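Protein chains: 2
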Amino acid sequence: MKISEIGEDGLINRIVNILKTSYIGDDTAHVSTDGLNLSLTCDILIENRHFLRSYPPSFIGWKAISVNVSDIVASGAKPLWALVSIALPNIEVSYIEALYEGIKSACEFYGLEVVGGNLSSSELISIDVFMVGKTKRALRRFGASPGEGVFVSGTLGDSKAGLEILLSNKKDLTDFENYLVERHLRPTARIDMLEHIVKNASACMDISDGLLRDLDRLAKRSKVGIELYPESIPLSKELKTYARLNSKDALELAMIGGEDYQLLWTQSESSVNVFLDMHQIGRVIEGEGIYIKGSGPIEIKGFDHFAP
Amino acid sequence: MKISEIGEDGLINRIVNILKTSYIGDDTAHVSTDGLNLSLTCDILIENRHFLRSYPPSFIGWKAISVNVSDIVASGAKPLWALVSIALPNIEVSYIEALYEGIKSACEFYGLEVVGGNLSSSELISIDVFMVGKTKRALRRFGASPGEGVFVSGTLGDSKAGLEILLSNKKDLTDFENYLVERHLRPTARIDMLEHIVKNASACMDISDGLLRDLDRLAKRSKVGIELYPESIPLSKELKTYARLNSKDALELAMIGGEDYQLLWTQSESSVNVFLDMHQIGRVIEGEGIYIKGSGPIEIKGFDHFAP
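Protein sequence lines, in the order shown, are assigned to chains A and B. Each residue of the first sequence is one higher than the one before, counting from 1 in the numbering used here. Each residue of the second sequence is one higher than the one before, counting from 1 in the numbering used here.
In case anyone wonders, no lab produced these hints; they're calculated from the structure. There may be inaccurate statements among the hints.
When chains are identical, the list treats them as one kind, so a pair holds in a single copy or across two.
What the hints assert, rightly or not - Below, a list of computed lysine-lysine pairs in the DSS-like style, where the Cα atoms sit at most 27 Å apart:
1. Lys170 to Lys199
2. Lys136 to Lys171
3. Lys171 to Lys220
4. Lys170 to Lys237
5. Lys2 to Lys20
6. Lys136 to Lys78
Owing to the predicted nature of the structure, the values given are computational and were not obtained by experimental measurement.
Whole structure, please, built from the sequences with the hints as guidance.
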């Protein structure tokens with residue numbers, strides 16, 4: 001039996017079963033020793049899977065740090081330290097230096113430090129980042145209760161549109177296209193929302209594999225259903241322009257596109273802070289599945305590394 | 001300028017210069033928060049670089065954990081948690097299950113827990129392990145003083161001989177060959193020496209890139225020279241048999257061969273514990289370079305990922 005027959009989530013279930021661990025299932029691992037609560041995570045960018053050699057290497061470095069900060073923040077922790085494990089062919093030294101300049105910029109922005117790492121030779125470039133955060137209050141994918149609101153921290157679908165533009169190899173991009181491409185290449189983890197979610201979120205994760213797929217994961221882990229308000233999903237004007245000019249459905253890009261690295265969380269509807277970039281996109285309900293009012297459950301689509 | 005023109009150590013120097021960090025240079029990163037001292041490390045095994053698909057996957061899993069435990073122990077820490085980041089093609093599920101069985105066995109043996117990880121699709125299999133240990137007393141590559149002895153925790157060269165046997169594709173291996181192959185495929189990190197080195201070592205590292213190269217690193221970081229006693233380097237009877245039957249130099253295999261994962265440390269010659277697997281192979285001297293009594297400095301050879 002090949003991995004594609006059971007999919008990524010099926011494989012994870014089998015691994016958890018072998019390891020007999022209760023840790024796996026959130027964006028990060030919450031661990032404790034001597035009264036200190038830490039949050040551990042890792043995420044990798046692989047050439048030709050997550051980026052192309054032609055992308056600016058400083059952006060790849062920035063992104064490699066950001067996707068990990070996104071997980072650390074979604075777990076309710078402040079990022080402290082990172083290790084960077086790079087595998088690479090015998091390429092130009094200047095490429096690697098630019099990549100590390102991006103890593104350094106991101107670390108300064110988020111207030112963490114690269115304290116170590118590893119170099120290996122390989123046919124393709126990959127950047128595997130391991131990050132440790134100090135937990136302010138452990139947030140997990142479970143904990144959502146019926147009656148709470150479902151929130152996201154910003155516009156969705158921009159990254160997917162940016163990727164489509166990149167892959168089209170179009171030259172002379174317009175402003176809205178550059179905006180979307182930058183959202184894909186150089187995402188910013190929502191560390192600005194950390195204090196709010198630590199104080200208010202009942203369940204939290206970041207959106208990396210597409211809103212619907214990640215909503216489904218949060219709902220399943222919390223053992224609840226979610227009623228989605230599609231008209232409330234925040235869409236950037238750049239995404240709407242892109243969709244109009246290319247006969248695409250902006251809402252579908254927002255619901256299925258991945259790599260937005262926005263936060264997705266549940267909390268009381270009465271604790272909304274109108275000064276923050278938070279948008280209610282639904283409500284937690286009893287039961288299971290993701291619904292749109294008046295319709296049946298939505299079939300979940302999103303990114304699966306091993307989809308058949 | 002390509003990476004091969006400056007080598008692995010040259011590239012690391014440039015990276016450290018960009019990151020402007022004082023952390024990098026030891027086997028692990030020593031970090032502290034709220035009075036807790038932690039040791040962080042990562043090490044990767046990549047298909048066709050560090051192992052072949054034909055190797056038993058449970059051994060690869062064991063080794064991926066062991067090489068990281070080796071670094072954690074060499075830093076004076078007890079391993080607590082690991083994250084496992086695996087990239088893999090659409091292979092048989094049973095292969096991955098066997099690999100995780102090896103990971104699980106190693107974690108039970110060393111007393112640590114896999115608390116998370118990541119799965120990605122890739123053309124080749126790679127297993128990148130991140131490990132966190134709690135430091136009993138931070139050990140570093142610097143700290144050796146003239147007059148101290150230089151010690152290793154066991155026989156050297158076995159892993160390199162085992163690799164040569166594996167790559168020869170010989171069938172029907174004899175006992176000594178099986179022993180050497182197993183030393184390569186399934187090394188054991190010297191966690192049994194942790195208490196002794198925490199108590200006694202002035203500088204410590206593990207031997208992963210060959211004795212001479214790693215001795216040179218320890219000497220340079222400690223700003224000392226080392227007088228080596230080649231006749232005292234411990235050699236297994238299996239290695240001697242292999243060398244004799246294949247017209248190889250056992251001592252050269254021990255000095256240059258990598259992946260032994262024995263500990264290399266300096267300490268007072270008066271604190272030798274004869275009940276432990278510790279062998280004095282030299283003495284710390286003033287100056288720089290690695291010497292054999294009566295000869296000039298030895299030219300350093302060993303494994304470099306990006307050697308020209």
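Self-check item: Those earlier numbered hints the structure runs against, lowest number first
Solution: Failing hints, ascending: 1, 2 and 3.
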